[in-house]
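Asks: Here is what each chain is made of, one letter per residue.
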Amino acid sequence: MEYNFLCNIFILIVMPPFFVGVINRVKSIIAGRTGPPILQLYHDIFKLIKKNAVYSRSTSCIFRIVPLTSLLIVLCAGMLLPIASPSPISFQGDVILFVYLFALARFLTITAALDTASSFEGMGASREATYGALSEITIFIVLMTLVIIVKSLSLNKMLTHGQNVFVADPSVILLFLAFFFIMLTENSRMPIDDPHTHLELTMIHEVMILDYSGPDLGIILYGASIKLFVFMAFTAMIIFPCSEGPVWAGTGILFLKVLAVSIMTGLVESFTARIKLIRIPQMLIASFVLTLFALLITLFDQRML
Amino acid sequence: MVVIIMILVLLAFLALGMKDERWRPLLKKIMISGALLHNAATIALFFFRQQVAWKDYVSVDDISIIFTALISIIFTMVAIYSTSYLPLRRLSEVNESGMNIYVACMLFFLATMTLAVSTLHIGVLWIAIESTTLASAPLIYYRQNKRSLEAAWKYLLICSVGIALALLGIFFVVASTRGTGANLSLGSLIANARQFNPGLLRLGFILILIGFGTKMGLAPMHNWLPDAHSEAPSPISALLSATLLNCALLGIIRFFQICVAAGLAKFASDLLIIFGLFSLFVAAVFISFQKNYKRLLAYSSVEHMGIIALGMGIGADFASLLHVVGHSLTKALLFLTAGNILLLYKTKLAPDVSGLLRTSRPTGVLFTAGCLAVLGLPPFLPFISEFLILQKGISGGYTMAMVLYLLFLGIIFVSVTKTILPMVRGKQKISVNMKLPATLILPPMILLLIVVFLGIYLPHNVASLVDLAARSISRIFG
Amino acid sequence: MNWILVGIVLTTFVVLGSSRITTRIKAVAIQGGLLSVLQFVARGSLFDIHGALLFGITFFIKTIIIPLLIFRSIRGISMRVDKEPKVSSHSLLLTLGLITTISFLNINTFPLAVGATISSLLIPSALTTVLTGLLILVTKTKATNQIIGFLILENGVFTFGMTIVSEFPTIVEVGVLLDILVGVFIMGIMIYQINRTFDDIDTKSLSLLGDA
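Note that the protein sequences, when read in sequence, are chains A, B and C. When we follow my numbering, the leftmost residue of the first sequence carries the number 699, and every step to the right adds one. When we follow my numbering, the leftmost residue of the second sequence carries the number 1486, and every step to the right adds one. When we follow my numbering, the leftmost residue of the third sequence carries the number 1261, and every step to the right adds one.
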């Protein structure tokens, strides 16, 4: 058990930047470019960590502690997730902890952005808060539906299902689609926010971390990739639950699942244009309605209505 | 009957093809012959009722005969009238649909209405009523201007949606028959009605009442009616008001019969009373400040549909069916006369019309008599039926409803006379020198004579036919 | 069966959520196709000549002819993307959520005994579709959108009809379909006329008539 858990943590720490590379690679192939190497993000992070940080005079200690704290919080959330094998940290209601750990990380990022006392970053913070609030409802409905399906409040149970097969049920597929969209929103991916633009008036996430440099920026990039990895793993596990087999098999399967989701993400990012800022709430509400529908179908299936 | 409908549809297609101007005289002949054919069929219906059936899809009962006869008479009159009305109106209008479309749609309209009243199959009933909407929408758009376009669009959309809801209602009714072995023909539905699921039947009836009620012009679903009636050419208004509304009414009657047979009479008739009184109320309010006399007549149709629904609701079936007859004949007469007024004065606004009696004495007389009839004065037929409804209502213990009924009738009486009298009497403001041909005077005249005749002396045959029809609605209570 | 029903509801969502008329028409076409398949499935037996015939006719009318008619009628009308902020799309979507919830919650008030071949998801899906059709009709003012709303409503009614698919004679169903087809045909002609007369297909310009 210890060994499995260590394996989980190892995957969680090592793998995430790789999948960011996969997404970028897919995008560049479709755009007809060679693109950066798949392991580019590792280089970036190491390079940044070796540098020195520059801090604005208007910032306080909050600004300095946030990167590391939020990275740790995201790691904690990731440990709750059954990655390659069921996680040993599991209790009734860890679902809610899982969601709120991310909310906490978001809260810290927002505070740090406000701490810079720059109106530009404040704007980003306000957007992040708005869209975060809107997507949180959807996340909770997705989780609620899963809770109803497996009749348990624990992530382990939820994402293992006790079975090792592809779950083909209309409501589960709906959940998958809605959560995929939420994954894109939460991680500032393409149709919502463009991770590659800087200094543009419509960006959301990037603008908040504009004042970070050196090791802090590296940590933030690393944390973001972990968050993306956790969300992608979660998305994949909605329709293809985590297996209970040996850990090496679990790792392999997980790798394939997340790889598939990354490729999907890359494709979506290549083929969709960024939607207008003003239409984002509409998309979020649409995904909310979608999950609501899934919830209703599930309740209906379970004869709870 | 099947043959007649087939022939009408064929004639309609034939007419549709005759686009050229030189076919005009022939088109008129086709329309008139369609009407005459229909007359012959209706007369034949009185004698050979059993032979006309084709399963339940086309089959008649006593109610059908009354409605078919009404359609037949009124359509003939309208057809004769429109042969000379349209060319005269045409002088003053720039754009309009071709005669071929007019005749074709008229014949389609006649065919679908005939099908609607002569079927005992609820599925076919729905199809026929929806088809009447489709056939009549191009007729409303005959004038091809902004106003008629608006009226036709509203008519088409509102009625289609209403009828879609009625289809939902029919599905519910059919679902309620599950397990009883009833098929979709009226006879079998009524025979097995006792075992139906009452919840579903109720739901179905509400939806059908709303759906067909939209088409029939019951308030608050009547919005399309004044627009369509005021913008359509007058002969079409006459057809819409006097026959189309009846078809929708028949749709409601059919399901009312089923509800009564299923023991839901109380529920269904309460709904009818509520809708009926509300229609009366709305009509009274809107008539009181109405300046456009065609709209006024349209609201009067809303009023009379309300009266009929109220009559059905309180159990005065005989009086209601009689009122259907009276209203149809009178309203056709009135709209045709309104067409004459429009020809003479070229305005639809009542204040601009005065001295009608001096301008054209027959038109003036017809209009006055028609209005008095539609207001329910003796010696016209609507008086008898309205009085019978009142009598039945009071003896049946619907005192409150009857008080409201009289109140609304009173308001309508005052407002209509206030609008109509200055139109008919008074000096001519503008000199109109136009001679109306006999084909414009005779059809409404004949209708008036029928209304007066039936008002003074109701022949035994007619009375017994209406009575039989009323019995087939077969009230169990009250 | 469940898949088809979910598909029908989803296409309804797409129609309400999308802002392009062409997307909407395509969604309606897909919905029509799903409906014809649903009809086939609901009959239970696979090799049934009536079922196959009806499937063919429904598919032909709902998926091919009607969308083509609408496409034809908007041909030449430049405004493919509609901007009609009468009701904001946020509130529309939230209303949609509300409608869906209500449709599912009220399931027990509809005592429709559902047959063995019919999924119990049918009634709420149909109800959602009917109500959304009405919602589109009330909130959208463009003539094309009103037709689409009408079609959605009609499709919802049809979905309800699957509960009684065995009772309804084929000839009647074909008649119903033909009626709708002719209805859409006439509406299409009217859209053309409205566009010609008003230079726009917004029915807000249809407001000349009224009581003085």
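Derived by calculation from the structure, the hints in this document are not laboratory data. We put the CB at the ideal spot given by N, CA and C, even for glycine. One thing to keep in mind: the hints can contain errors.
Claimed, not checked - Reference excerpt, derived from the structure (chain B facing chain C, CB under 8 Å, subset only): (1) ILE1517; (2) LEU1521; (3) SER1616; (4) ALA1622; (5) GLU1635; (6) ALA1637; (7) SER1645; (8) ALA1649; (9) ALA1660; (10) LEU1669.
Said to hold, decoys possible - Straight line, CA to CA, 30 Å or less: simulated DSBU-like cross-link-like pairs of lysine-lysine: (11) LYS974(A) to LYS1286(C); (12) LYS1920(B) to LYS1833(B); (13) LYS1877(B) to LYS1776(B); (14) LYS849(A) to LYS955(A); (15) LYS745(A) to LYS1464(C); (16) LYS1286(C) to LYS725(A).
Claimed, not checked - Far from chain C, some chain A residues (derived; all Cβ distances over 10 Å): (17) GLU819; (18) LEU908; (19) PRO913; (20) GLN980; (21) LEU997.
Asks: Compare the structure with each hint and give your call.
Replies: Verification of the supplied hints:
no. : hint                     : verdict
1   : ILE1517                  : violated (26 Å)
2   : LEU1521                  : violated (27 Å)
3   : SER1616                  : holds (6 Å)
4   : ALA1622                  : holds (6 Å)
5   : GLU1635                  : holds (4 Å)
6   : ALA1637                  : holds (7 Å)
7   : SER1645                  : holds (6 Å)
8   : ALA1649                  : holds (5 Å)
9   : ALA1660                  : holds (5 Å)
10  : LEU1669                  : holds (7 Å)
11  : LYS974(A) to LYS1286(C)  : holds (23 Å)
12  : LYS1920(B) to LYS1833(B) : holds (19 Å)
13  : LYS1877(B) to LYS1776(B) : violated (34 Å)
14  : LYS849(A) to LYS955(A)   : holds (25 Å)
15  : LYS745(A) to LYS1464(C)  : violated (62 Å)
16  : LYS1286(C) to LYS725(A)  : holds (29 Å)
17  : GLU819                   : holds (27 Å)
18  : LEU908                   : holds (30 Å)
19  : PRO913                   : holds (42 Å)
20  : GLN980                   : violated (5 Å)
21  : LEU997                   : violated (7 Å)
Hint compliance for this structure: hints 1, 2, 13, 15, 20, 21 are broken, all remaining hints hold.
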